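> Now for the letters of each chain:
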Amino acid sequence: MTEMITFENVCKRFGATVILKDFNFKVMRGEKVAIIGPSGSGKSTLLRMIMALQDIDHGKVSIDGKPLWDLNHGQHLVKPTRQHLRDMRSLVGMVFQNFNLFPNLTALGNVAAAPRHVLGLSKKEAEGRAAMLLAQVGLSEKLSNYPSTLSGGQQQRVAIARAMALEPKVMLFDEATSALDPELVGEVLGVMRELASARDLTVLVVTHQMGVARAIADRVCFMEGGCVVEEGGADTLLSHPKNERTRAFLRAVHLA
Amino acid sequence: MDIFSSSFALEVLPALLRGAVVTFLATIGGFMASLVVGGILLGLYRSSSRPIALFGKSLIEVLRSTPLLIQVYFLFFVLPNVGIVLQPVTTGIIALGLYHGAYVAEAYRAGFDSIPRGQWDAVESLRFSRYAALRYLILPQAIIPLIPALGNTFITMLKDTPILAAITVPEMMFEANDAGSQSFRYVEPITMAAIGYLIMSAVAAGFIYLLQNRLGRHR
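Read top to bottom, the protein sequences are chains Y and Z.
The opening position of the first sequence corresponds to residue 1 in my numbering, with each subsequent residue numbered one higher.
The opening position of the second sequence corresponds to residue 1 in my numbering, with each subsequent residue numbered one higher.
It is possible that some hints are incorrect.
Computed from the model, here is a short list of chain Z residues facing chain Y with C-beta under 8 Å [what the hints assert, rightly or not]:
#1 A122
#2 R127
#3 Y136
#4 L137
Computed cross-link-like contacts, DMTMM-like style, restricted to lysine to aspartate or glutamate with a CA-CA straight-line distance of at most 25 Å [as the list claims (entries may be wrong)]:
#5 Y/K169 <-> Z/E124
#6 Y/K66 <-> Z/D121
#7 Y/K169 <-> Y/E244
#8 Z/K159 <-> Z/E106
Hints listed in this document are in silico derivations from the structure and should not be mistaken for laboratory results.
Here the structure is a predicted model, which is why all the values come from computation and not from measurement.
Ideal Cβ placement from N, Cα and C applies to all residues, glycine included.
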């Protein structure tokens with residue numbers, strides 16, 4: 001198996017706050033990984049770095065063997081060009097906590113926008129692809145609805161279809177079910193599970209809902225203070241954590 | 001003698017209507033110009049090059065902090081010295097565009113700032129070019145909170161057009177003044193002109209209201 005995402009000695013700080021320090025991390029092609037940990041532990045920043053929404057201070061991030069952020073290339077600090085970031089982003093799709101749908105477009109328009117204006121498909125082709133993806137997430141009836149008329153769960157399913165429309169090899173879910181009412185988590189999680197069943201798709205989930213981690217991931221990483229403290233199979237780590245900090249975190253989560 | 005003679009009012013009406021057409025055209029022209037100027041000023045202001053950003057900021061300050069009348073005079077009397085001779089009405093439209101463009105730039109800025117950060121995350125992660133993002137996703141959203149501000153600009157500009165009389169643009173107030181000075185009767189032409197501005201403002205306000213309701217319906 002080949003490495004899909006590689007972090008090598010990545011450092012990042014915001015002002016005096018260290019987010020990642022000498023961070024090393026690997027995800028294999030097709031692997032489904034969940035990252036859990038207290039807020040401020042750097043897990044969302046990690047995803048934003050993979051999506052090239054957040055730069056790094058030091059180190060190297062590679063996707064599918066190609067350097068994305070490679071700031072220590074040789075001796076010089078190399079800042080990637082906008083075009084390089086755009087090219088690399090074709091490998092990755094991201095789903096956000098607050099959906100971030102475009103309020104001026106219908107569900108169909110949201111999903112068709114990137115195929116049309118980024119990939120250059122015709123309106124008909126783009127909308128055909130969008131309708132198919134929306135059917136896959138169970139929203140065939142809602143094609144012409146604007147986001148403001150959809151429930152949170154429906155909006156997030158549109159957002160998943162929208163990210164999938166560019167056919168990424170990696171899907172990132174940043175607290176994708178955290179802003180939803182509890183009764184709506186199931187429908188989104190169902191769609192996520194179905195996506196995760198695709199053998200080739202690499203899935204990375206950041207969550208503080210252990211049920212989500214369990215449902216999606218083969219491997220779970222517990223992050224705290226900018227490091228992976230403990231990792232292991234989903235069942236092993238969530239049911240029998242070895243590290244005291246992991247145990248403390250899981251206790252706190254279960255009490256909440 | 002009556003305070004208000006309707007027969008004299010009718011007599012000056014054709015001249016006022018001619019003036020009203022000029023007022024309307026100058027306002028439309030000035031408004032269009034201010035939309036363009038505002039865009040350019042915001043572009044300068046938001047430039048990643050510090051000197052350019054500073055230049056844009058200073059230009060906005062100068063345009064906002066000096067009276068429109070002075071800017072009109074400046075363009076009208078100074079430009080010919082450097083070989084640029086324009087029709088008074090063209091000069092007037094440019095002056096309105098520059099002066100109000102500075103305010104429009106501020107309105108644009110507020111419009112852009114009203115776009116949540118998450119929209120930019122989505123735009124970036126879906127690989128939109130800057131142009132496509134602005135054209136299809138950001139501007140259609142940014143324009144809705146802009147409508148009240150731009151509507152204000154339009155109506156303020158309409159009421160600023162009498163200043164162009166100072167450089168002989170034959171707009172409505174110029175015509176009213178002209179009619180008054182020939183007959184020494186000012187009540188009728190000035191009152192009629194006031195009604196004219198009132199009607200135009202009211203129609204513009206109604207139009208802005210409709211536009212806002214139509215464009216903002218998915219919010």
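> Compare the structure with each hint and give your call.
Checked hints:
1. A122: holds (4 Å)
2. R127: Since chain Y brings a Cβ to about 5 Å from Z/R127, closer than 8 Å, the hint holds.
3. Y136: Hint on Z/Y136: holds, closest Cβ of chain Y at ~6 Å, below 8 Å.
4. L137: It holds, given that the least Cβ distance between Z/L137 and chain Y is near 5 Å, below 8 Å.
5. Y/K169 <-> Z/E124: holds (17 Å)
6. Y/K66 <-> Z/D121: Satisfied, since the Cα-Cα distance of roughly 22 Å is no more than 25 Å.
7. Y/K169 <-> Y/E244: violated (35 Å)
8. Z/K159 <-> Z/E106: Cα-Cα ~20 Å, so holds.
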